[in-house]
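Undergrad: One line per chain: the protein sequences are A and B, in this order.
Each residue of the first sequence is one higher than the last, beginning at 1203 in this note's numbering.
Each residue of the second sequence is one higher than the last, beginning at 1044 in this note's numbering.
Calculated from the structure, these hints are not laboratory results.
Because the structure is a prediction, the values reported are computed rather than measured.
Just so you know, even glycine gets a beta-carbon here, dropped at the ideal spot from N, CA and C.
Hints may be right or wrong, so weigh each one.
Claimed, not checked - So the derived label-pair ranges between C-beta atoms look like this:
no.	chain 1	residue 1	chain 2	residue 2	range
1	B	1127	A	1265	16 to 26 Å
2	A	1396	B	1211	44 to 54 Å
3	A	1425	B	1108	44 to 54 Å
Stated by the list, open to error - The list that follows gives simulated cross-link-like pairs (lysine to any residue, SDA-like), each with its CA atoms no further than 20 Å apart:
no.	chain 1	residue 1	chain 2	residue 2
4	B	1127	A	1375
5	B	1214	A	1332
6	B	1127	A	1223
7	B	1256	B	1279
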Amino acid sequence: MTDLLGNFGRFCLFSLSAVLYAPATLGHPRGWARLVPQAFAIGTKSVPVIMLTGAFVGMVLVEQGWSQFDAANLSDRLGAIVNISVAAELGPVLAGVMLAGRVGGALTAELGTMNVTEQLLALRAMGTDPVHYLVTPRFLACVLLTPILTCYADVMGALGAWLVFAAVHGGDSTAYWKYTQEVVQIWDVGTGLVKAAFFGAAIGLIACYKGFHCRGGAQGVGRACTESFVASFIAILILDYFLNVVVNQFYLQAYGPRSLI
Amino acid sequence: MNETRAQPDRIIELRGVSKRFGSQVVLNRVDLAVQRGSVTVIIGRSGTGKSVLLKHIVGLLRPDEGEVHYEGRRVDQFSERDFKAVRREVSFVFQLNALFDSMSVAENVAFPMQELWSGRRSRREIAELADQALEMVGMEGSQSKRPADLSGGEKKRVALARAIALDPPPKVILYDEPTAGLDPQRADVINKLIRKLQHEYHVTSVVVTHDMKSAREVGDRVLMLHDARFLADGTPEEVLVSKVDQVRRFVQGLAEPEDLASLTEE
Ligand SMILES: Nc1ncnc2c1ncn2[C@@H]1O[C@H](COP(=O)(O)OP(=O)(O)OP(=O)(O)O)[C@@H](O)[C@H]1O
Ligand SMILES: [Mg+2]
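Could you put together the complete structure from these sequences and hints?
TA: The following block contains the structure:
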């Protein structure tokens, strides 16, 4: 237990120093020169799989909900319900989970290998802080890219849902888009993207931390990769719950309760 | 109390440094003073803590007890940020080279210069210095290769080039087995390089080695680390002909009887 707490404390300090280097990285051309390749690698690796995930999630939600909504004569509204679920909840969470596997594992493996081959020590020995040099650009790339990838998931989710809605079940396309537009607000999409940014931060920081603190050769690196994915996954779910609590409180204060159907 | 007397001739000083990993005592109240502009050679059996000792000088490891001084200042309690100033004057050649495998050979060698001069010198100038350093270790023409595509000895030489490629050269260079894995001729070049840096640029060096020929050729002073302490200390001539049994056997490469026991018993 004390070990767990100590680990968490170390993780917090590590994260703090990575975050504190963010202005220096963003304010310097050399910082961008490190950030852009990371962002590019994350983006190109993840776009196809995220689009596929988004599309199928939209499709399956319509498939699941159709008979119930149709029986209640509410099938026109199904699109709105599906799209708000995707934009506010499933898009960010699934994009986060995909990234945790796709990107988090690769980051842990890369930094873990650098750790066990003393490359991190070599950086320190040259007077370069490895957190500044390696972690902050990767962390920032994750924070910037997760919301962007979530947008892809959201759009593909809406299109996939529409496809099944209109082509498979013969729903009314005009009604689908009309109710979607009415119900899904900027607020829902926006909070979804903010949540995604938090998930990205968690993925980047956890993956780098696990890489920096693994020991014991190739086996240690492998174990760190698995731990990194599991920890990111749990962090995403926990963060998601608490961010939802905060977001809902905020909405109630600002706009009062609302009904979706 | 911990006042440091002005001894500018002692550039590095370890006072009573102890280091343990778990229950294993690696260094036990070790004292070491390195004279400015000298080459100090550290020998000793594998696993006695030579690499651990070197890492204490640049703060990659911190002592459990004792003090580390650099240029008359006590540094062992420096923060990582404060240590930066020390680390920018001291180069470190790692035993396993620690080349950055995401970069080419040329980028590896240029990296410390870019970090040190960040923008104050042109890319061209840095690239030229990197080429010169690679030439000194006989690695010209490998600039665009990746570390993963190099042989063991080639990696070592790139790591050496990375440590020396500054203009002027670093004040102090710490070499962890600079000639390990090199053929005798290349090893000779590296020995001469260490001497040249000393004579022409007054570089202070600490060399950890298992190579007795190298120890004899580069060392102004040779120390032998044994059982967490220094067992021998003197000029190469003195240490290499030492009468102390353990030193003599080590230098001559004769196994200790107890290490042979498991081989001979039937
Ligand atoms: N970070 C560490 N954690 C735990 N033990 C360590 C650590 N670093 C070194 N040791 C232990 O300290 C001892 C000395 O290690 P060191 O690398 O200094 O040996 P060495 O004298 O350089 O040996 P060699 O000549 O084989 O390189 C070894 O037994 C090693 O297991
Ligand atoms: Mg060693």
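Undergrad: Now tell me, hint by hint, if it's right for this structure.
TA: Now for the hints, and whether the structure bears them out:
no.: 1; hint: B:1127 - A:1265: 16 to 26 Å; verdict: violated, 59 Å
no.: 2; hint: A:1396 - B:1211: 44 to 54 Å; verdict: holds, 52 Å
no.: 3; hint: A:1425 - B:1108: 44 to 54 Å; verdict: violated, 33 Å
no.: 4; hint: B:1127 - A:1375; verdict: violated, 64 Å
no.: 5; hint: B:1214 - A:1332; verdict: violated, 23 Å
no.: 6; hint: B:1127 - A:1223; verdict: holds, 16 Å
no.: 7; hint: B:1256 - B:1279; verdict: holds, 10 Å
Hint check: violations occur at hints 1, 3, 4 and 5; the rest are consistent with the structure.
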